[in-house]
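Colleague: Residue numbers (my numbering), protein chains in the order written: chain L, -2 to 150; chain D, 5 to 718.
Because the hints were derived from the structure by calculation, they are not lab data. Take these hints with a grain of salt, some might be off.
Chain D regions said to be covered by chain L (calculated; three or more residues, Cβ under 8 Å) [unchecked claim]:
1. 193 to 206
2. 212 to 218
With a Cα cut of at most 25 Å, we get these calculated BS3-like pairs of lysine-lysine [unchecked claim]:
3. D:K210 to L:K78
4. D:K210 to L:K111
5. D:K169 to D:K210
This structure is a prediction, so every number in the text was calculated from the model and none was measured. Glycine is no exception: its CB is placed at the ideal position from the N, C-alpha and C atoms.
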Amino acid sequence: MALFKLSINNRAYSADVEGDTPLLWVLRDNLGLVGTKYGCGIAQCGACTVHLDGKAVRSCVLPVSAVGKAKVTTIEGLSEKGDHPVQKAWDEVDVAQCGYCQAGQIMTAAAFLKEKPKPTEEEIVGAMSGNLCRCGTYHRIREAVKVAASKTN
Amino acid sequence: MSTLNQTSRRDFMKIAAAAGGGLFLGFNWSDTTAAPVVVDAKQIAAGSVKFNSYLSIGSDNIITIVSPNPEIGQGIKTAFPMVVAEELDADWKLVKTVQGKLDNAAFERQVTGGSGAVPHSWERLRKAGATARYLLVNAAAAKWGVPAAEITTADSKLFHKASGKSAGYGEFAEAAGKLTAPTDIKLKDEKSFKLIGQSVRNVDNKNIATGKPLFGLDFYREGMLFAIIQRPKAFGFKLKSVDSAAAKAMPGIVDVVTFENSVAVVGKSTWQCKKAREVLKIEYEKAADLESSEDHNRIFSNLMDNGEATVRRKNGDVEAAFKGAAKVIKAEYQCPFLPHSPLEPMNFFAHVREDGVELVGPTQTPDRAREAAAKITGFPTEKITVEITRQGGGFGRRLSADFAIEAVHVSKLVKAPVKVIWTREDDMTGGTYRPAVRYRFEAALDKNGEMIGYKLRGVGINSGNPTREDNFPSGSVDNLLIDSVEHKSAITTGPWRAPITNFLAYAEQSFIDEVAEAAGKDPVQFRLALLEKAKKSPAGEVKYDVDRMIAVIKLAAEKSNWGKKKGVHQGFSVYFSHRSYVAQVGEVVVEKGKPTLKNIIAAVDCGIVINKSGSLQQVRGGVVDGVGHAMFGNMTFKAGTPDQSNFNGFRLIRMNEIPEVDVHFVDNGISPTGLGEPALPPAGGAVANAFYKATKQRLRNQPFINEEAFKGIS
Chain L
-2 MALFKLSINN
8 RAYSADVEGD
18 TPLLWVLRDN
28 LGLVGTKYGC
38 GIAQCGACTV
48 HLDGKAVRSC
58 VLPVSAVGKA
68 KVTTIEGLSE
78 KGDHPVQKAW
88 DEVDVAQCGY
98 CQAGQIMTAA
108 AFLKEKPKPT
118 EEEIVGAMSG
128 NLCRCGTYHR
138 IREAVKVAAS
148 KTN
Chain D
5 MSTLNQTSRR
15 DFMKIAAAAG
25 GGLFLGFNWS
35 DTTAAPVVVD
45 AKQIAAGSVK
55 FNSYLSIGSD
65 NIITIVSPNP
75 EIGQGIKTAF
85 PMVVAEELDA
95 DWKLVKTVQG
105 KLDNAAFERQ
115 VTGGSGAVPH
125 SWERLRKAGA
135 TARYLLVNAA
145 AAKWGVPAAE
155 ITTADSKLFH
165 KASGKSAGYG
175 EFAEAAGKLT
185 APTDIKLKDE
195 KSFKLIGQSV
205 RNVDNKNIAT
215 GKPLFGLDFY
225 REGMLFAIIQ
235 RPKAFGFKLK
245 SVDSAAAKAM
255 PGIVDVVTFE
265 NSVAVVGKST
275 WQCKKAREVL
285 KIEYEKAADL
295 ESSEDHNRIF
305 SNLMDNGEAT
315 VRRKNGDVEA
325 AFKGAAKVIK
335 AEYQCPFLPH
345 SPLEPMNFFA
355 HVREDGVELV
365 GPTQTPDRAR
375 EAAAKITGFP
385 TEKITVEITR
395 QGGGFGRRLS
405 ADFAIEAVHV
415 SKLVKAPVKV
425 IWTREDDMTG
435 GTYRPAVRYR
445 FEAALDKNGE
455 MIGYKLRGVG
465 INSGNPTRED
475 NFPSGSVDNL
485 LIDSVEHKSA
495 ITTGPWRAPI
505 TNFLAYAEQS
515 FIDEVAEAAG
525 KDPVQFRLAL
535 LEKAKKSPAG
545 EVKYDVDRMI
555 AVIKLAAEKS
565 NWGKKKGVHQ
575 GFSVYFSHRS
585 YVAQVGEVVV
595 EKGKPTLKNI
605 IAAVDCGIVI
615 NKSGSLQQVR
625 GGVVDGVGHA
635 MFGNMTFKAG
645 TPDQSNFNGF
655 RLIRMNEIPE
665 VDVHFVDNGI
675 SPTGLGEPAL
685 PPAGGAVANA
695 FYKATKQRLR
705 NQPFINEEAF
715 KGIS
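Work out the full structure, taking the sequences as your base and the hints as a guide.
Modeller: Rendered as structure tokens:
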């Protein structure tokens, strides 16, 4: 066990855990930030996607010891009032069915649009195909990313 | 009867109180006889009245409605209140929804399964809304001194045209709460629906998009321990011995306990438990045959020819028909086991206390959990509460209670509140799969290409009856025999979204395509001719609505411009399942020698569409699910152990692999018939038949990706 100091959603946190504990489980079990979801544990589904210094990463395979001073953003901290353009687009397009994968989808989309504010459809599909949605809301995810892109420009 | 539990009543009262209590109506969406009743807030809070749903109208015009069924992504939490709000003429913007966490003593329809939630409750929800409206109108009539019949309502407002009087619902909520509800209430003419049929966004969108703790896995309790369980690694194993010394010495581990054939590592975090489980030393012994996929193929072949079959349906003289046939067509279709793969793995919280048991988690069948907990702990069922959380997908998996039962065992053994968490690997290798099935179809054609004989034998592994003997084409063929054989295996199976029909529909619709081709007929015309026959001179009982089936076939053909598109290979499929009718046309285009599924056009008759947005997504999602599993889904076994254990080995469809899905609803005014399942079954047939047109190769086994036609294509 060791004490890890983390910067998450612009707040300082500390967690006394083993260094190999994935960030995902520190967020969920130790810090009460349960918006980041567990889906597969092997970076195959994207449900656990968070931002590390603005880049989308899979928190299920990121040991807490590797986070260092990087700034972590989770779905809870993506916007103060839940009004990030991607979050708003998700509501406007009425994307969610069960909703479990959507936090990860939104985090992937938000990081992607920051890098590529005016993506083509092909680029959207390429960026989002790493995230699984078992309910099959892919058409609407694709649409919502387009809507978010159109609103941020 | 099922009633609302304390937490839900508390949640409901919180919102209702904030809205300034006025009218409270208790009603039962799962009871056919009882009419809605006016109650007071104290009675609800104290639990002295027993209803499974309530609605309140506050002095500030806020309408609060409890939505009953567990939400697993089928949109029920939005659709149910919409039905109430429609009859109430409520302004949807003023409606708040509370998820009812049911606590029923006797099982009724609180299961989310079989696409039955909406049709089951349709009329009762309407009555609740209509009753509340009636009370408001009568309260206003009394105050204004005008006849109730002259008062109209819209957007949560009351109007009296002659006197020019108007008021918001909130103004009369309290007065309405002092009236007695009528026992017989008149419902709206369905043609005058305003809210029903509109697109209404999911009421939980904001909570979902901001990461609020909604799901079972998100439930944490102060002092709660975590448990990760090692179950037998092969189906057919039983536990022989456990050496848990090393695991117990790992950091954060509180205890290692054993029950039945399971070993639970209990500790202070998920990760610590997971790591400690890896150092358990467990020996198993064989308790049943350890089957491999090759064994299953052998079993299928043997039972297909030699099995003792149970006859499911018989019409006419099949043997004579085949003897006199001008042409006989025969084909076999096979599907593998499938895990459900909901993205939220199984999990459950249990606290076995000295005075009772508390259960919290994502289950579609709380009563099974309760009854099992009663058996394990010895408490009577009334001492056991079950709280249902939102569920990260179900697909049938959460109809089983095994994970809740485990939580009860572990909590009882360690005497602490415990959350059992399944890893993805546990979830995928843990059983209750869609059963593996092989079908043999045979058709006899006369010299005119009429189908005069039809045979279907289904052989399933722990499948129960793998046929749906009264579905199409039964009723349309004079000589018909449908039978089945079941092999009992240690590999556990359970309902999987659209049970049995999730595979049967594809196999049957692909075979019908083969028969149509052999008869030299257009696949759509061939189906329509069979249905005309079922209508005019039915062979035995016809248990589906022929006209509704014909209507979706015609609509799909029309919307897809059937048979008239250049360079597009179309495949047709239609199926009646779970009370709805869905026809689909798959469209495959060959690009640079590679056939690609581009579109699915779906025509859907699920009766009245309640929420257009939700319904549209149910169909699209169902098609994506059907296409994805038909294309890629494969679970195989070696000596009782699944070969696939996570999404790296088990392939789920991704965004870059989906076809466009074009959805058309039939508008026929019939009461709604549910939509969680019916869009899935026809998808595989539409895809297989379209690929056949493009490649001239039949896809007779799932997953399609392993078929000859796809060799060299990824």
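Colleague: I'd like to know which numbered hints this structure contradicts. Please list them from smallest to largest.
Modeller: 5
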